[in-house]
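Using the hints, put the two standalone chains together into the complex.
Chains A and B, in that order, are what the protein sequence lines are. To convert, take the position in the first sequence, counting from 1, and add 1; that gives our numbering. To convert, take the position in the second sequence, counting from 1, and add 17; that gives our numbering.
No wet-lab data here; the hints were simulated from the structure. Keep in mind that a hint or two might mislead.
[As the list claims (entries may be wrong)] To be clear about the criterion: a stretch of chain B counts as covered by chain A if any three or more of its residues have a C-beta under 8 Å from a C-beta of chain A, and this derived list gives those stretches:
1) 227-241
2) 404-412
3) 415-427
[Claimed, not checked] Sample of chain B residues facing chain A (criterion: CB under 8 Å; computed from the structure):
4) S204
5) F223
6) T224
7) P306
8) E308
9) K376
If you're wondering where the values come from, they're calculated on a predicted model, not measured in any experiment. Every residue gets a Cβ at the ideal spot worked out from N, C-alpha and C, and that includes glycine.
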Amino acid sequence: MPEMETENTNSTTTEPVTAENPDEKQKKTTYAAVYDPECLPDMLPVYYRRLFPHKPFYRWLSYGLSEDGIFVNREISFTLHDDIYIRYLCFETQQEFEKELCTRCPFKIDIGAVMNTRPKNNRISAAAMAPVQRELVFDIDMTDYDDVRTCCSDKSVCQKCWKFMAVAANILDTAVKEDFGWEHILWVFSGRRGIHCWICDYEARHLDTQGRSAVAEYLQIINNAMGSNGASVSRVFIGERMHHSVRRAYQIIEPAFEEIILRDQNLFSSPKGIEKLCNFIGDEVARQETEQFLLNNVEDGAPALKVWEAFKRYANSMRCNATQSVWSRRLKNIIEEIQLACLYPRLDINVTKGFNHLLKAPFCIHPSTGKVCVPFNASVAGKFNPTTVPTIAQLLQEINAFDEKNKAEDEADEKSRIKDYKKTSMFKGVVVFEEFVRKLETSLKAKSKKLNEINMEF
Amino acid sequence: MDFRRKSKARVERKPEYENLEQKYKHNVLLYRMPPTEDIKIHEFEDLALERLKVLRILEQAQAKSLRFLSDDWKEYVHDELSREGLKGYLRLCTNGGNTAANNASKHEFELQARRRDYISHFILRLAYCRTQELKSWFIAREMELFKYKFSAMTPAEIKQFLDLHNLNYVPLSAEQKNAVKDGLIESTVGQSVAKIEMLDFYKVPFTQVLDLVRSRRCYLKDGQAYVNTHDFISIVGTKQLEEIEHGLKSAQRLIREVETDERLFTLLKSLHTSYTGKDYTVGKDVKVPIESIDQLSKKSFPLCMRLCHEHLRTNHHLKYDGRMQYGLFLKGIGVTLEDAIRFWREELTKKMDPEKFAKSYQYNIEHNYGKKGSLKDYAPYSCAKVIQENVVQGSVNGCPFKYYDQSTLKQKLAAAGLGTAHIQDVAGLAAKHHYQLACAKYFQVTHDTNVEVAINHPNHYYLQSQELMGNRVEKKSHAGPPRKSTKGNVSGSQSTQDYSVYMNADDDDELWNIADDTQKTFESSTQKPAAKSTDIAWEDDLDLTAIDC
Numbered sequence: 002m003p004e005m006e007t008e009n010t011n012s013t014t015t016e017p018v019t020a021e022n023p024d025e026k027q028k029k030t031t032y033a034a035v036y037d038p039e040c041l042p043d044m045l046p047v048y049y050r051r052l053f054p055h056k057p058f059y060r061w062l063s064y065g066l067s068e069d070g071i072f073v074n075r076e077i078s079f080t081l082h083d084d085i086y087i088r089y090l091c092f093e094t095q096q097e098f099e100k101e102l103c104t105r106c107p108f109k110i111d112i113g114a115v116m117n118t119r120p121k122n123n124r125i126s127a128a129a130m131a132p133v134q135r136e137l138v139f140d141i142d143m144t145d146y147d148d149v150r151t152c153c154s155d156k157s158v159c160q161k162c163w164k165f166m167a168v169a170a171n172i173l174d175t176a177v178k179e180d181f182g183w184e185h186i187l188w189v190f191s192g193r194r195g196i197h198c199w200i201c202d203y204e205a206r207h208l209d210t211q212g213r214s215a216v217a218e219y220l221q222i223i224n225n226a227m228g229s230n231g232a233s234v235s236r237v238f239i240g241e242r243m244h245h246s247v248r249r250a251y252q253i254i255e256p257a258f259e260e261i262i263l264r265d266q267n268l269f270s271s272p273k274g275i276e277k278l279c280n281f282i283g284d285e286v287a288r289q290e291t292e293q294f295l296l297n298n299v300e301d302g303a304p305a306l307k308v309w310e311a312f313k314r315y316a317n318s319m320r321c322n323a324t325q326s327v328w329s330r331r332l333k334n335i336i337e338e339i340q341l342a343c344l345y346p347r348l349d350i351n352v353t354k355g356f357n358h359l360l361k362a363p364f365c366i367h368p369s370t371g372k373v374c375v376p377f378n379a380s381v382a383g384k385f386n387p388t389t390v391p392t393i394a395q396l397l398q399e400i401n402a403f404d405e406k407n408k409a410e411d412e413a414d415e416k417s418r419i420k421d422y423k424k425t426s427m428f429k430g431v432v433v434f435e436e437f438v439r440k441l442e443t444s445l446k447a448k449s450k451k452l453n454e455i456n457m458e459f
Numbered sequence: 018m019d020f021r022r023k024s025k026a027r028v029e030r031k032p033e034y035e036n037l038e039q040k041y042k043h044n045v046l047l048y049r050m051p052p053t054e055d056i057k058i059h060e061f062e063d064l065a066l067e068r069l070k071v072l073r074i075l076e077q078a079q080a081k082s083l084r085f086l087s088d089d090w091k092e093y094v095h096d097e098l099s100r101e102g103l104k105g106y107l108r109l110c111t112n113g114g115n116t117a118a119n120n121a122s123k124h125e126f127e128l129q130a131r132r133r134d135y136i137s138h139f140i141l142r143l144a145y146c147r148t149q150e151l152k153s154w155f156i157a158r159e160m161e162l163f164k165y166k167f168s169a170m171t172p173a174e175i176k177q178f179l180d181l182h183n184l185n186y187v188p189l190s191a192e193q194k195n196a197v198k199d200g201l202i203e204s205t206v207g208q209s210v211a212k213i214e215m216l217d218f219y220k221v222p223f224t225q226v227l228d229l230v231r232s233r234r235c236y237l238k239d240g241q242a243y244v245n246t247h248d249f250i251s252i253v254g255t256k257q258l259e260e261i262e263h264g265l266k267s268a269q270r271l272i273r274e275v276e277t278d279e280r281l282f283t284l285l286k287s288l289h290t291s292y293t294g295k296d297y298t299v300g301k302d303v304k305v306p307i308e309s310i311d312q313l314s315k316k317s318f319p320l321c322m323r324l325c326h327e328h329l330r331t332n333h334h335l336k337y338d339g340r341m342q343y344g345l346f347l348k349g350i351g352v353t354l355e356d357a358i359r360f361w362r363e364e365l366t367k368k369m370d371p372e373k374f375a376k377s378y379q380y381n382i383e384h385n386y387g388k389k390g391s392l393k394d395y396a397p398y399s400c401a402k403v404i405q406e407n408v409v410q411g412s413v414n415g416c417p418f419k420y421y422d423q424s425t426l427k428q429k430l431a432a433a434g435l436g437t438a439h440i441q442d443v444a445g446l447a448a449k450h451h452y453q454l455a456c457a458k459y460f461q462v463t464h465d466t467n468v469e470v471a472i473n474h475p476n477h478y479y480l481q482s483q484e485l486m487g488n489r490v491e492k493k494s495h496a497g498p499p500r501k502s503t504k505g506n507v508s509g510s511q512s513t514q515d516y517s518v519y520m521n522a523d524d525d526d527e528l529w530n531i532a533d534d535t536q537k538t539f540e541s542s543t544q545k546p547a548a549k550s551t552d553i554a555w556e557d558d559l560d561l562t563a564i565d566c
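Bound conformation, chain B alone (with noise of 0.2 Å):
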């Protein structure tokens, strides 16, 4: 680990063409080897807001329910690149091979670009690699633009692209493929019958394919997986992740050594500091009490939440998964345990006896609240989890909008009290798929407001709601104790870890008690007079080698 100061006297050094040239062959790279050369500070922090600003579009793409890569997501992330004047970026994801090779200016353009890319990426492995949620956001984000940029490519870029990695597939022989040419032509999804018999296979483990394998797109046999040369952004997909989930390991490993380097201390904080955004594991600040929870629920809660509140009122009873998106969901606008248990007692003991309710019911609530079992304080869910909610018979959980038909959906719109354009207007953003859009409609008419919200998360929703009708001073921004993160995931590789499921907004407000929580750590240990060198500091290059993760 290197972070001395370089002598000032140092040349200044440009990096060549030739280099770059031979450094980044290609617009779309595995994130490998972590960049050995050396940049300016200044240059680190311009890289990493950069970065950052794309991976921001691609959320925001993502909030608003288009569907990934489809021709609206892909218009809606090129206006956004371009509006931001993120050029290079953008010229990366819609060129896949070195198409501008004869034009030297252009090349040099790409080439830069290339290089942007790279560095930022291992410099946000950085700032991201400290917790599971900030991790999750992290990969998520960074395999769209990888798959964004591998999907611009042609074959022959892809052919290319393998070629530079090193990764050796070979296509079955005509007689093998004969083999099980009837399986491919049945379970080949997204080809014709013609372009199957045209088109390369590869034989892969399937779990090199998961996402093929998950929504049956492949031919699958004795857990081998056979794919196409377009199923190629899969397998790569899955090598990428690898890369970026081994490497953010090894930054975690690192991140504390590389903190003492002052300089990127102040970085990060100022990385982050433009974020806010909420995480919602414990309403600490506000006690509600669970004697308005019915007052509530008709004003103030979203959909989802209300229909378990009024099922549990009705029934007397909720399945496990809509007891822990309820009972965590409560959890979050600030219902105590002491709270949670009369309430779920009241109700669930009309169709039970105390003691089932004792034996089986009680400790899931203590649990979630972290005082039973693994002692996790587990965080409410998002709209994401709500959505990706896998809905069994006779249970409310899930997101109302994706779940029920359009004619049931309707129904219980009217039933929320929605006049019949309003129903019209929510039920028709469901039926395009845009839940959270739905969900926002259903917001602006039940609040009678104009307000544009963006909901991506039921307790963002509910204080949204709370704001609106003046019942809540906005939450008091960050000035308080920095909280120490006690979020929702469990041990090593438990069921919340499915990176499929996308985290929203809860991770902003993790970086900002981080970047808080150090800077304190900083400005205390700061007291000595070292702020003046500081100064000087920022012109010295900064050794990337160091970072090595």
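Next up, chain A with everything else stripped away, as it sits in the complex (with noise of 0.2 Å):
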């Protein structure tokens, strides 16, 4: 049995509102298209009846019933108006659970991990209940970048934080494709300020515990410290020589530095740049001393630019002139440090980490966006906006007007032909979802095929 675990607090007081003024509201709807929260309720039936692509979400979390109970055993969790939180749900078929998304129109869909029982029995064999296979996934929020951006802070983004994000994404992509030969890989933005990415091969599902732990470590290379400020920094260590993983990053990250953190963000400029930039600096003597050489040798106010290109030039300096100091040891790689640390992902390793730690599930709705959880291409992660992810308003105009439009020439036997979210700016990250869909039922099926041809030679 599903559990309440939050209590319902606040449902009452909207209700009248709605009930009174219905014709206004649809009009805000329909003619605007601007999202507010309030409407949410109204909306989600029909996005979830019209627009959510159930077959492809099923297709994907079936992964083409490879495995015994992969999908019916896998943890879903629903959170409902007013942050009812539902978890260890679970559905027999693709029919059960649509019936049921379209009937309860969850705020929010969690996915968990695949259990060796179904997960709704978890109240009578709490014990025995353990995760068997998950995704392994990871969280990027744009908020760990707060001390590296200027444009925005917290939870708005715009376009020039937007490609942090997209430099994380590929070099993540890369990673895990060349160095641990995984190729089905889901991207899907998370409705605000952040990219969740999901693994979907056999081997990345079945990594245990510590295997999960070695991964996101792997590809974790930034630390926190204090910096002199009391502010947290983030310091990256290379150490004698670049592994190659870091190498292959600082390879992308080297052409987009002066873009992103010279250009747009203008982080370094003078003078309240000078204390961020040497704040990087871990040795206390050596990054006073730079801050006084680049407050004393840039003129005020100098950008970003300006100051990075003091900076290199003083590093390198030191680092040739005086061979047995800090410099050409602990600080001989500065500068690439720090380009790493202003670019390298900032990923969340606890949600990595996590067998089961739930995760959000694509084509969710943000609530307070109402911006549609839709995946993206890695690989062109950089032309992706997020300024311009259709909100849930958006879509319900977008369908009503194509309806609208085709209603006078078309057979209605014919119009039900064409997908609902076919109709609407939805439809590249359905397809982007479908294409990856595809891809990983290609690849189990020749498993599979393998596989028999293996077993038939006995």
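Here is the structure:
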């Protein structure tokens, strides 16, 4: 039995208003298409009925039914209106899942692990229930970049800060592909300011806790330290040689550094930025000397580009001149280290380490922005624009407009042949998703064919 | 399962020389097949206690924050082993192969040592298979011992070891090696470029060398790790780990049956009585009123918790990890659930509305007290766990002696009222990564005492402080009813099961409880005149085949 874990507290306040002015509200959603969180409960039923890609979603989570219980033992959790949170749900078929989505209209769907038994039985057999498999997931959140972005902070995100995400996705995508050999990777915009990555290869799904934490730490190179001003600062330490994965990341970061950090963010502009720059230096004496040097030698108000050039010259000369100093040892890679510290993916590795950590499903609607959590292609992540991701309001308006237009000329049956989401700007996200699912199924088929052949030989 | 007493007439068998040679071919062995010979019950006990001593020495080394396999670590372990007269283990740990083959008496000594090592491992499996905490402790120590032994081997001995265990690894051909040469040079840590050219490399699935992957110490491509001869310690370590984990699982299945033998029962009890220690799941015996927390935090909280408290009081917020660490600590010192909710609500709602607190935060607190969700009563974090915490921006969890850089740490110490000289002492220890020693020093200074304390659990710190100040009589030792353990590990393979997180002092109490528990059952079941026969039974052989795990 699902459990109501949080009390419903303020459900009554909005009801009378909606009852009184249904027409006005209708206007709002159809014409302006400005998202209003108050309207979400009214829009979700339509969204789940007409737009949510039930079929490919099921095809993904059923993995061609390649393993026992892979769909039916999956923990799904719903967050309903007013933060009522229901864990340990599971579904027998695509139809049941679809029906539940359409009737309950969850504000949020979370995906957990595949268990060894039906998760809804957890109260009966809690001791015996254990996760069997789960996609390897990564979560990158824009708020972790607050110390290196000046354009926005906290919850807001613009196209400039999205570039951080694009670089991060790019680096992570290449790393898991090349170093770990995984290929079924789904990237999803989290609806507001972050991105999620789902790795769905068999080996990744079956990694144990130690395996997951090893992978997470392999991909995590940023350390948090306390800066001179008491603020937390991200640092990277390369050591003797750059590990190949770090070098590859550096090759992605280096060409983007100037545009993102120096021009867009103007991060190190004098004089405040100088302090920021010097905080990346882990040695206190060297930090003070550098700061003094830059303050003396860069004119007040100089842009980050100038400061950075001056810093590089200074660091290089210190490296060459003083062969036995901290500059030739611990700080010998400081330039590269700062670039990495600014742009290397900042992972929330606890999400990755947890075998049955719940993570928001793709195609959820983010309740406060109304945006769809659309999948995107990591290779063209730079072209993705979080500010133009369609909101649920916009989508509903689009299908209405489409239906309106075609009403006159179309026969009813012909119209129904066009999938609703194809009429909307969500289309691209669904295509990315379907393409991912298709590849996944092809490789699963090839694998089971190969397995059959081996079995035949015996 | 056969624990019947063998007839006394049976000729006492002393394991022969050749027999040993055959059975224990190498100083370093994988613990695969359980021993099948008969041993005397008192030898059973001796072997177990001897090994326990070794493992405890390793634990001490870890508690002293000595870096594993560093020179300091080796020196300490070496000294302790010889001080305790554990010559056999000393020999196994410092001589990889059978170097004494030409000296008959030395060789026999070595063979005997191998036998003791091998059998005792399997005996301890029986004692340590019962709970997750015990297992974790045992595995961590056994792996240290194994790696210590393994690290003493020369490449030739490693080869011998691999052959012996049918571990066939084929090195890359010159051609294959050439194809990945750049990656090898770039990413093989700890070897010079010239050395890398010379070394043999092997290709293994990355899951076999997780520790190398974790710390980016090898080249990785398409899920295959490229490792050299020196990295075999990782691969073989993983194998050994699997053997032990698997063995513990089997032992756990068999333990009830094994315990039907009264002699073993008593024995397992006597194995642990020398142990004392505490577990801090719930401070049941004493209730700490929440109003006294401000006072207590100044005097009796370790720095990590004190900072959490101060941060919470000033900022009215703590990030999730901080709430976990601090919340469980408070539970451990005896703050009731009701008080905890009140306390957190008062603070947090200064910055958020009460509804949000009720919805998003209260659940977590109740969860920690085992009232919601998985219904597990979670154990407070040990130092090992606190030190391993992943400290993210703006949070105050983790060990301050590790997390803060020198200047910040000094500020914090000064704020805590330490004088300059003391600050130097404490910060100096922290700089050398002796976090727990730094904490112990901090304890001494803040309590104005010279009592030597070993800190390996924040709640232990608190208790020691309270005892020192006489606020609290030493926790009544384990005469009370044995408490059923409901410790933190959540179902199966959840995140808490990371063996790199060494369990420290948490285990002994558990052992105690079990021993206590079992003894009670034993006593009640032996009201019958069975006691007489046990004396005779001591002299009988014990068939080890029966303990098949």
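Hints, verified against the model:
Given as covered by chain A, the stretch 227-241 of chain B passes the check, having 12 residues with a CB less than 8 Å from a CB of that chain where 3 are the minimum. A count of 5 residues in the stretch 404-412 of chain B with a Cβ less than 8 Å from any Cβ of chain A is obtained; the coverage claim is therefore met, three being the minimum. Interface restraint, the stretch 415-427 of chain B with chain A: holds (6 residues with C-beta to C-beta distance below 8 Å; minimum three). For S204 of chain B, the interface hint holds, the least distance from its beta-carbon to any beta-carbon of chain A being 5 Å, beneath 8 Å.
A least Cβ separation of about 7 Å between F223 of chain B and chain A falls short of the 8 Å threshold, and the interface hint therefore holds. Residue-level restraint check for T224 of chain B holds (minimum Cβ-Cβ distance to chain A is 6 Å; threshold 8 Å). Contact between P306 of chain B and chain A, as hinted, is not supported at the beta carbon level, the nearest pair being about 28 Å apart and thus beyond 8 Å. Here the hint on E308 of chain B is broken, as its CB sits about 28 Å from the closest CB of chain A, past 8 Å.
Interface restraint check: K376 of chain B against chain A, minimum CB-CB distance 5 Å, threshold 8 Å, status holds.
The earlier numbered hints that this structure contradicts are 7 and 8.
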